[in-house]
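Student: Please arrange chain S on chain A, whose structure you already have, making use of the hints.
Chains A and S supply the protein sequences, listed in that same order.
Numbering-wise, our numbering puts 73 at position 73 of the first sequence, and it's gapless, one number per residue.
Numbering-wise, our numbering comes out as the position in the second sequence, counting from 1, plus 199.
What the hints contain is simulated information worked out from the structure, not anything from laboratory work.
Fair warning: there could be bad hints in the mix.
What the hints assert, rightly or not - Here are a few chain S residues that sit away from chain A, every Cβ distance over 10 Å (derived from the structure):
1. 232
2. 233
3. 234
4. 235
5. 244
6. 248
7. 281
8. 289
9. 290
10. 292
11. 311
12. 314
Claimed, not checked - Pair by pair, the computed Cβ-Cβ distance ranges are:
13. 124/A <-> 230/S: 20 to 28 Å
14. 248/S <-> 81/A: 18 to 26 Å
15. 230/S <-> 160/A: 27 to 35 Å
Keep in mind the model is a prediction, meaning the values are calculated, not measured.
Glycine included, C-beta positions come from ideal geometry on N, C-alpha and C.
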Amino acid sequence: MTRAGGAFALLALLVACGGPRGDLVVLRPDPDDGGLGRAVVTAAGDSVALIGAGEGTRVSPGRAPTAPAPVAAAEIDRLFGGAIAVRPAAPRQFLLNFATGSDQLTAASRALLPEIVAEVGRRPGADLSIIGHTDTEGDAATNAALGLRRAELVRDLLVAAGLDPAWMSVRSHGETDLLVPTPDNTAEAGNRRVEVTVR
Amino acid sequence: MLLGLLCAAPTAAQEVVGTVKSIAGPALVVRGGQSLQATLGMPVYASDTLRTGRNGGLGVTLRDDTRLALGADTELSVAHYAYAPAEASLGLTLRLIRGALSYLSGRIAKLAPGAVRVETPRSVIGVRGTHLLIRVEP
Numbered sequence: 001m002t003r004a005g006g007a008f009a010l011l012a013l014l015v016a017c018g019g020p021r022g023d024l025v026v027l028r029p030d031p032d033d034g035g036l037g038r039a040v041v042t043a044a045g046d047s048v049a050l051i052g053a054g055e056g057t058r059v060s061p062g063r064a065p066t067a068p069a070p071v072a073a074a075e076i077d078r079l080f081g082g083a084i085a086v087r088p089a090a091p092r093q094f095l096l097n098f099a100t101g102s103d104q105l106t107a108a109s110r111a112l113l114p115e116i117v118a119e120v121g122r123r124p125g126a127d128l129s130i131i132g133h134t135d136t137e138g139d140a141a142t143n144a145a146l147g148l149r150r151a152e153l154v155r156d157l158l159v160a161a162g163l164d165p166a167w168m169s170v171r172s173h174g175e176t177d178l179l180v181p182t183p184d185n186t187a188e189a190g191n192r193r194v195e196v197t198v199r
Numbered sequence: 200m201l202l203g204l205l206c207a208a209p210t211a212a213q214e215v216v217g218t219v220k221s222i223a224g225p226a227l228v229v230r231g232g233q234s235l236q237a238t239l240g241m242p243v244y245a246s247d248t249l250r251t252g253r254n255g256g257l258g259v260t261l262r263d264d265t266r267l268a269l270g271a272d273t274e275l276s277v278a279h280y281a282y283a284p285a286e287a288s289l290g291l292t293l294r295l296i297r298g299a300l301s302y303l304s305g306r307i308a309k310l311a312p313g314a315v316r317v318e319t320p321r322s323v324i325g326v327r328g329t330h331l332l333i334r335v336e337p
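Just chain A, with the same shape it has in the complex (with noise of 0.2 Å):
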């Protein structure tokens, strides 16, 4: 093989397997919020952390990481586009709210209901959580099994609607997950609710 040639060919083997060996570690804005988060990479018994949005930081073996900086678009496009392209989409949640002490639905709770069926239909392979929770009036076991009473009856009425019962999950996390904030003993209407997230 000639100079040129065997040049060549670490070139095409490069291009092949996408680049050098190593790690490269980029933080992105949240692509639904623009939320920024932080992270720290550690290699080699060094960390470099993270902070500003776009930027990398590259590992060798056996080298630290390298300080951070800028990752340009196009490689962010060459490395990464096959992945964003199956990003999957942000999980939707649904909040049905329930009258004092019962198993009914209140009737704007109630018309979400076909939305939700909606919802599942445009997503291929959906799948839902259904978590019931409660307010503090009343004793901790009896809010779960309240809590837990509530989601199925939610899971009941999305089955009557047409839905597999094989997608979802059905639990309760009675008064330990309050939306609204309050002491023991204390009714509040906005605590009373299931939560339908269709991922």
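Tutor: For chain S alone, kept in the frame of chain A given last:
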């Protein structure tokens, strides 16, 4: 019957941690030594390895709303998953062996900042939200 009981006992490996949401090209779920073709809506278990081939892609949403997307020639496993807010048990460790990962944080990261990390063969990434792109050339 005893065997049936033993098989029915839940283990960490049998816990459903997420669901396949999107697929492009060749994408596999490796479970107990078997390679299964990924399908939309397929459950993902804690011990599964996700693997894509050339031009492949795979999107998975975990139970806490964490969203993972794998590019081509990628291998990823969920090494640890705990999502039980009522028992204050929260944690997520992903292992990216090779390829490209888009990570979008869910509720575990929100409820327990510091409980999420991604390990590669040569680094450990502590994730405090929200969106990261990670590439591993082994």
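Student: For the hint 20 to 28 Å, verify it against the beta carbon of residue 124/A and that of residue 230/S.
Tutor: holds (21 Å)
Student: Holds or violated: is the Cβ of residue 248/S farther than 10 Å from all Cβ atoms of chain A?
Tutor: holds (17 Å)
Student: Quick one: work out the minimum CB distance from residue 289/S to chain A and report holds if it exceeds 10 Å, violated otherwise.
Tutor: At roughly 13 Å from the nearest Cβ of chain A, residue 289/S sits farther out than 10 Å, so the non-interface label holds.
Student: Taking the closest pair, is the beta carbon of residue 292/S still more than 10 Å from chain A?
Tutor: At roughly 14 Å from the nearest Cβ of chain A, residue 292/S sits farther out than 10 Å, so the non-interface label holds.
Student: Would you assess whether residue 281/S, listed as outside the interface, keeps its beta-carbon beyond 10 Å of every beta-carbon in chain A?
Tutor: With a cut-off of 10 Å, residue 281/S remains clear of chain A, as the shortest Cβ separation is near 15 Å.
Student: Is it correct that the beta-carbon of residue 235/S has no partner in chain A closer than or equal to 10 Å?
Tutor: holds (15 Å)
Student: Run the C-beta distances from residue 290/S to all of chain A and say if the shortest one exceeds 10 Å.
Tutor: Residue 290/S clear of chain A: closest Cβ-Cβ about 17 Å, beyond 10 Å.
Student: Taking the Cβ atom of residue 230/S and the Cβ atom of residue 160/A, is their distance within the range 27 to 35 Å?
Tutor: holds (34 Å)
Student: Hey, is residue 244/S genuinely clear of chain A, shortest beta carbon separation above 10 Å?
Tutor: holds (14 Å)
Student: Tell me if the beta carbons of residue 248/S and residue 81/A are separated by a distance inside 18 to 26 Å.
Tutor: With Cβ atoms ~23 Å apart, the hint holds.
Student: Please verify that the nearest CB of chain A lies beyond 10 Å from residue 314/S's CB.
Tutor: It holds; residue 314/S is separated from chain A by about 13 Å at its closest Cβ, greater than 10 Å.
Student: Would residue 311/S pass as off the interface with chain A, using Cβ distances and a cut of 10 Å?
Tutor: For residue 311/S, whose nearest Cβ neighbour in chain A is about 14 Å away, the distance exceeds 10 Å, so it holds.
Of the numbered hints listed earlier, not one is contradicted by the structure.
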